[in-house]
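Letter by letter, the chains look like this.
2 protein chains.
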Amino acid sequence: MTLTLPPAEAARELVEPVLREAVGRLDPHTARVARYHFGWTDDSGQPRADGGKALRPTLAVLSGRAAGADVARCLPAAAAVELVHAFSLLHDDVMDDDPVRRHRPAAWTVFGRSAAILCGNALLTLAVDLLLEQGTPGYVAAARALNLATLSLIAGQAQDLAFQDRDDVTREECLRMSRRKTAALLACACSIGVTAVEGPAGLAAALAAFGTEAGLAFQLADDLLGIWGRTEVTGKPVLSDLRTRKKSLPVVAALTGPTEAGRRLADLLARPEPLTEPDLHDAARLIEQAGGRAWAELEAERRLDAATRHLADADMPADVRDSFLHIARFLAFRDH
Amino acid sequence: MTLTLPPAEAARELVEPVLREAVGRLDPHTARVARYHFGWTDDSGQPRADGGKALRPTLAVLSGRAAGADVARCLPAAAAVELVHAFSLLHDDVMDDDPVRRHRPAAWTVFGRSAAILCGNALLTLAVDLLLEQGTPGYVAAARALNLATLSLIAGQAQDLAFQDRDDVTREECLRMSRRKTAALLACACSIGVTAVEGPAGLAAALAAFGTEAGLAFQLADDLLGIWGRTEVTGKPVLSDLRTRKKSLPVVAALTGPTEAGRRLADLLARPEPLTEPDLHDAARLIEQAGGRAWAELEAERRLDAATRHLADADMPADVRDSFLHIARFLAFRDH
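Each protein sequence line maps, in turn, to chains A and B. Everything in the first sequence is counted per this note's numbering, starting at 535 for the first residue and increasing by one. Everything in the second sequence is counted per this note's numbering, starting at 535 for the first residue and increasing by one.
Read the hints as simulated data drawn from the structure, not as lab findings. This structure is a prediction, so every number in the text was calculated from the model and none was measured. Just so you know, not all the hints are guaranteed correct.
To be verified - Below, a sample of chain B positions facing chain A; criterion: calculated Cβ distance under 10 Å:
1. Leu560
2. Val674
3. Ala675
To be verified - Here are some chain A residues pointing at chain B (derived, C-beta under 10 Å):
4. Phe621
5. Gly654
6. Leu660
7. Ala677
All C-beta atoms in this analysis are idealised placements derived from N, C-alpha and C, irrespective of residue type, glycine included.
With the hints as extra help, turn the sequences into a complete structure.
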């Protein structure tokens, strides 16, 4: 069964005008890169239909609704989180030399690395400014929360880079890295609405804890898709994470277990020459034999359970809680 | 005569602890890059004496003093402006492939491009957070002013990149680009102290106008040093800007004047092969013959005069005004 994300359409339709207005404030060079990256235009600047999941804006809107606020009051927060997400994708693709993003050429391949770096910087700055211009104490607090999430995201990416030079990364280190690189911004998305509309601090904390666990489930699912995902739904080459020898969670789990398959996987990944197609399929099989796939699948479920428990502790309208749960399940079990 | 910058020592001593504390909040990988970039450590992490001019913190502290505030109240603003400046240098060196910064290997050559990009992002985020954590309306307004300056800086850099593919850049376009890329952050430094301590809006506006003109004088002087500066004082190779065929202000002025020397310069710079040492010296001579050097020197003086007039309109203690003027003269006429 393919899980879908029903409320995303609605959130995207509400948030997109805010994003478009914000991008419209940028200089023409930078705005052009941003519009392409968001999927609003093609590489010649012509309009096209967008394809983003609008996951983080959806969570931010739900967050405000959890505190009883109108959707309209949370839209700047929803847009700001999406801008920070867009910033991180633009920069990550440059740093990882990744030529594909959302089934299209990554922005840096179209406009150059410098233009992509500058556009990322602009979106990050715009995100904070969108919050500050609301002029309320709640929105100032939201800006601080977003800054902290951004610093976490940067720390996680720095740690991920450092992992590339090490062959002794533990599961715990890898989970800690994912908590910063992926889960921190999702936790911020889940709580920023409450903060922005000056809702209860306890509710913001519970939703942040929910978002952290759901974010880890999301990363585990992402890492599973990076090895076993189908190209036609992920938009990435088959076995893409193995090609780049990424130390993703299933790989690290396989390498750190005391199995013969794990040892053979370590030898395979340590080879200096590029991995052939048969090598990649061998690697995927060894990860599975060493228990890396089963561990990641089980860990995603455990994280989903933990997320669910955090949500149970928090007081919010039933339909908002249901939507949060639906999304968390999507994040943990999606196939794209 | 070599002009010096006397109040910088004092401002640096006051601001550096604030900067060090802020950098101490970053993850260890990113903090290491930041400490190296600020000149506090060498490439192995050992302490060394710093060499920065602390120009922007000095201006920010003077700005607060212009509004009658204690120096201590302006220090977060002074540190924030320096963090944004550090962010822009880290990223510019990556984008321009520039291997030298302040007589030392640029951070990206030591830690890699990705680490330098991430460190820049972290310093930008930290800058805004340093302002917001002060928790006053003045400091929230200061954060917005800094965000606007950052967006200007990005727009200027994007425009500068676009100039590389054009051979019809006008003086006016080039000045407009410099106004964004260089002068906007200096204007912010000159006014952010007033904003942060909630001084008169008119004073902030006058000091921003002063900073814009002084910033243009600074850029003109910088462009002159990039061609005729002495390596032992600038720390850059002789004729460095000509080597990279940078469309700096004296070059554009030479190219856009209807002179025979200007036409010969255009032909020389249009050659596909790398420029030889004799070519570079020819180019410098042609710029001078075409009037590019004289125009830039005169324009720097005109900008300094305009800056001085803006300062005359504003009410502030006499010693603060004298310091601002001294710095503006240094910016326009320095030899390093």
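Taking the hints in turn, this is what the structure says about them:
Taking 10 Å as the C-beta cut-off, the interface hint given for Leu560 (chain B) holds, the closest approach to chain A being about 7 Å. Because the smallest distance between the Cβ of Val674 (chain B) and any Cβ of chain A comes to about 6 Å, under 10 Å, the interface hint for this residue holds. Among the interface hints, the one on Ala675 (chain B) holds; its C-beta lies about 9 Å from the nearest C-beta in chain A, closer than the 10 Å criterion. Taking 10 Å as the C-beta cut-off, the interface hint given for Phe621 (chain A) holds, the closest approach to chain B being about 8 Å.
Given hint, Gly654 (chain A) at the interface with chain B, holds; its Cβ is 8 Å from that chain's nearest Cβ, closer than 10 Å. The criterion of a C-beta within 10 Å of any C-beta in chain B is met by Leu660 (chain A), whose closest approach is roughly 7 Å, and the hint holds. The beta carbon of Ala677 (chain A) comes within 6 Å of a beta carbon in chain B, closer than 10 Å, and the hint placing it at the interface holds.
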